[in-house]
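What follows is each chain in one-letter form.
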Amino acid sequence: MDLNPSEEQQQLIDTFTAFYTKECPIERVRGAEPSGHDADLWARLRAMGALDMAVDEQSGGWGGSLLDLALVAELHGRHLGPAPLIEGQVAVRLLARAGGSAATEALSRALTDGRFTTVALHPPSHGALALVPAGAIADEVVFFQGDRLMSLEIADQARPVSNLGSMPVADIAIDASAVELLSGPRTGLLFEQARDEWLALMANALVGIGSRSIELGVEYAKERHAFGVPIGSFQAVAHGLANAATAVDGGQLIAREAAWAADEDAARAPQLAAHSCGFCSDAAREASYRSLHYHGGYGFMLEFDIQLYFRRAKAWPALFGEPSAMYARGAAGRLSMSRTDG
Amino acid sequence: MDFRLGERSDAFRDEARRFLDEHLTTDVRERMHTTGVHHNWDFHKARAEQGLLAPGWPEEFGGQGRDALEVLAFAEEFQSAGAPTYGVGTTLMVANIIRHVGTEEQQRLILPQALSGEIIIVLGFTEPESGSDVAAAQTRAVRDGDQWIINGQKMFTTNAQEADYVFLLARTNPELPKHKGLTTFLVPLRQPGVEIQPVFTLSGERTNLTFYSDVRVDDSLRIGEVDGGWHVMTVSLTFERSGPQGGDSLRLLHAMEQWAMASVDEEGRPRSEDPAVQARLGRAAAENEVAILLARRCAWIQNSGGLPGVEGSMAKLFASEALTRQSADFVDMLGPDGVRGDADPTAIAGGIAEYALRFAMGTTIYGGTSEVQRNIIAQRGLGLPRPS
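First to last, the sequence lines map onto chains A and B. Going letter by letter, the first sequence gives residues 554 to 895 in the numbering used here. Going letter by letter, the second sequence gives residues 260 to 647 in the numbering used here.
To be clear, the hints were calculated from the coordinates, so they are not data collected in a lab. Backbone N, C-alpha and C define an ideal beta-carbon position, used for all residues, glycine too. There could be a bad hint or two in this list.
What the hints assert, rightly or not - Okay, derived cross-link-like pairs now, SDA-like style, lysine to any residue, Cα gap no bigger than 25 Å in a straight line:
#	chain 1	residue 1	chain 2	residue 2
1	A	K867	B	V631
2	A	K775	B	D588
3	A	K775	B	Q638
4	A	K775	B	P534
5	A	K867	B	A535
6	A	K867	B	L641
7	A	K775	B	A535
8	A	K867	B	Q638
Unchecked claim - Quick look at which bits of chain A chain B covers, simulated, 3 or more residues with Cβ under 8 Å:
#	segment
9	573–582
10	768–776
11	801–808
12	822–834
Unchecked claim - With the C-beta cut set under 10 Å, the calculated list includes, among others, these residues of chain A facing chain B:
#	residue
13	I727
14	D728
15	S730
16	G781
17	Q788
18	A795
Work out the full structure, taking the sequences as your base and the hints as a guide.
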């Protein structure tokens with residue numbers, strides 16, 4: 554066991570830490586509200602290779618592992634990056650795996666400067682894709698319908714939805730212009746794998762949201778005095794933060810394990826992806842909720858940063874579903890595995 | 260980054276499984292269940308004979324010089340199998356203290372007997388009037404020539420009826436501030452003046468209240484300096500917080516998964532396909548993975564030459580609170596049948612959820628309560644100020 558990042562991984566962390574610290578201060582996050590998209594920040598992230606790293610050399614990328622992406626995702630969450638990093642990475646990986654001429658052409662469009670391709674996390678219902686991540690700013694959306702992987706060029710079918718997490722999401726009506734990228738029994742598995750990757754990366758982003766939330770709460774609890782003492786000396790405050798810090802520490806372990814397992818423990822990877830995202834959703838919620846509450850009335854004010862974390866902690870993972878849905882997804886996988894074993 | 264424990268740990272885990280297959284018999288389990296004693300001499304001695312009592316200790320002491328992750332892999336198997344380990348746990352903890360702060364004579368006398376499985380040592384910290392506030396102990400030790408005379412009471416002296424010694428925290432100087440007037444002794448239990456009164460607990464485990472009336476202990480069995488007991492305790496409390504986590508939860512989850520796969524609801528649908536059942540099972544599985552990882556992180560830190568302090572508190576806090584939550588959740592999941600007792604033949608999965616609901620409450624208390632762990636995490640981990 555080695556919980557330390559490798560030298561290369563540490564370099565990656567250092568590089569992106571420096572990037573986010575310089576390019577994504579909290580003022581920039583506020584500046585991107587309410588749309589939740591900062592085109593300039595995204596262009597800079599792309600120039601850093603944040604999208605190219607997600608696919609292998611043959612597809613024109615760098616061949617980063619899911620764990621590499623996860624380490625960046627944690628920083629993205631910590632800085633509340635207003636850019637479509639995770640959905641963009643998941644989309645290009647899905648297209649690269651799909652293969653075939655249509656998907657390969659879609660991949661090359663997705664990697665073209667100035668264009669953006671996203672992925673819908675759920676199949677369409679009543680002819681529309683609901684709450685597509687980055688759907689409000691994407692040029693193209695890849696989605697799964699029946700047993701087919703489809704693509705839709707977005708012209709005026711997208712309706713941006715204002716939302717809790719200041720995310721550039723949109724409801725997208727599917728019209729006759731949608732084209733098939735791939736069909737057949739393998740397609741469903743590819744889509745589920747893409748969803749697992751989104752869950753694992755989101756888990757890591759939530760670790761970033763959770764750990765920064767705790768830092769904000771701890772800083773405040775040390776400085777703010779009530780009844781003549783710092784409020785952090787009250788157990789009613791300290792214990793809530795201690796519980797949340799424990800959950801976030803544990804969340805970081807399982808989120809990184811989930812990303813690691815994608816390459817190193819294929820049998821357990823799907824359940825770890827789902828379980829880590831459920832767990833980290835709960836942990837980030839707990840951390841941001843406690844931290845906001847201990848800010849007292851200031852936590853309720855828009856001027857204080859903790860509300861930015863509090864809203865995203867709930868909203869980001871909700872695009873997939875509630876934590877229970879993630880837990881159930883992981884359990885269904887575990888149960889089918891033990892049926893096969895037995 | 261690598262989340263595998265490594266080949267040596269995997270192989271040693273297999274060895275643990277082989278040992279358990281052979282020695283954790285129905286009879287051993289049955290006796291634990293009926294007596295409430297989580298120590299079994301045959302099991303204990305078989306373990307010692309195979310050199311498996313203290314695998315992390317150096318070979319010169321009868322150990323195998325295993326690293327912290329190997330020892331953890333081994334201990335995880337024992338915990339998730341529900342093997343009797345309380346006796347060996349306290350014995351090794353005290354042996355470790357003697358190895359670090361004991362005299363050469365004490366080491367010669369105690370360590371060979373403890374590590375060969377001949378004796379067990381139990382803990383005498385808690386008193387009727389002091390638990391988490393360990394340093395408030397009132398049991399008195401008064402010097403009498405080369406001996407000390409002990410008077411007082413100790414609470415939760417688990418396995419005292421099986422043990423040769425109690426590692427006792429006593430007040431030697433009531434004039435000094437409470438942390439400074441304490442001394443630790445290794446008190447022989449089989450002597451006049453020691454009275455052991457059984458105490459039965461919510462989980463069916465037997466513990467004891469022990470009374471000491473003019474009990475004598477040689478000064479040669481004093482551990483550490485006179486009035487230096489708090490220093491010795493700081494060492495020992497660190498040991499108590501490391502170790503495997505999540506094993507009891509794994510056993511519970513496994514039984515609940517089996518139930519979900521084998522039973523159907525009122526409409527004849529398999530429970531395992533009910534999303535509400537899946538959500539409960541999945542949340543428990545996620546928490547168990549986290550509990551195991553938090554404990555493994557401690558062993559990894561030890562292997563890297565560090566001392567897990569806050570990390571140990573997090574592992575203990577998380578695992579015990581998770582078991583508490585899950586056991587109640589699973590009793591709910593089973594519906595009214597969840598209350599059928601573990602002694603009743605109609606109980607589901609041997610009544611493991613109902614048992615765990617009771618058992619879990621102990622785990623949030625012994626070895627440092629959840630509140631004590633949260634104080635450690637808040638103050639040492641997060642740097643929050645101490646209460647004034």
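Q) Against which earlier hints does the structure fall short, listed by number upward? A) When the structure is compared with the hints, numbers 1, 2, 4, 7, 8, 9, 13, 14 and 15 turn out to be violated.
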